[in-house]
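Full structure from sequences and hints, please.
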Amino acid sequence: MERRSSKPTHNPLSSVEPWNIVADGYTAELMAWAEFYASKALELASLPSSPHIVDIAAGPGSLALLAARGGATVSAIDFSVAMIANLWQRMAKTRPGLVDVHVADGQALPFQDSVFDGAFSMAGLIFFPNRATGFQEMLRVLRSGRRAVVSSIASIKGSFAQVLEAMSIMVPGMPNASNNKPPLSDSQSFFDEMTVAGFREVTIHTIKHIETTPTLDEFWRATERSAAPVAFLRRKLGEERWEDVANGVKKHLRETVGAGPYEEVFTMHLGVGVK
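For the sequence shown, position 190 matches number 195 in the numbering used here, and the numbering has no gaps at all.
For the record, the hints were derived by calculation from the structure and aren't laboratory data.
With a cut-off of at most 35 Å between alpha-carbon atoms, the simulated DSBU-like pairs for lysine-lysine come out as follows:
hint, residue 1, residue 2
1, Lys162, Lys186
2, Lys186, Lys45
3, Lys280, Lys213
4, Lys255, Lys45
5, Lys256, Lys162
6, Lys280, Lys186
7, Lys186, Lys213
8, Lys213, Lys98
9, Lys241, Lys256
10, Lys280, Lys45
11, Lys98, Lys241
12, Lys213, Lys255
13, Lys241, Lys186
14, Lys255, Lys162
15, Lys213, Lys256
16, Lys241, Lys162
17, Lys213, Lys241
18, Lys186, Lys255
19, Lys213, Lys45
20, Lys213, Lys162
21, Lys45, Lys98
22, Lys162, Lys45
23, Lys241, Lys255
24, Lys256, Lys186
25, Lys280, Lys162
Here you go:
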């Protein structure tokens, strides 16, 4: 078997700006999706009772707060100050239990070796500039015999794929869903990178989740607020240019999807490895 190691990448989603821009909308619109996959990740981790876990690139805490409510002690880190602010706000409302929060880089975790019973990164580590370092840091802080779970986006289909298609038509050079595969969308590459990093017994689980929004207006409002590629492009283009792009995207959606409902098909890989 050929083993491939990850090289530093230059995906715009590797930088903090898109996540700071989208943090409030992400928190408002995507918790059902995020918590669905977080619950699957926690099941796959086979955690002991009252575990101490780390959530890397935790965002607004979809996994961290779910785990804390289940009795875990959680260390949650993210490099986005805005995402961490949303996590603090959610903690203040729900009082989930033992969660300590850090603004930090997942490629240089602020923890000692072998201190966690589980390590997680939900659609976060995949965007690191250097995934190999991210995997190695995750392995370093795990206790021997414990599991890490990392998620990646296997495919983008349904209404959001049409958004990306329309934006690629409206904005020259903008990639679309068919010619720009998400990081580690290939299960073999995912397996190889976790194995090269030093994880044992690596398995890749592919799980589909479908969400439906009743109307175009509701779908587009949520997408503008919560989708990092969309929000980042809006900031980059400016409001005047963005209005033209948004109108073009909505026209494309009316022609391809219609008035609604709008179905988003999320397929994620969950990679599990043992230290």
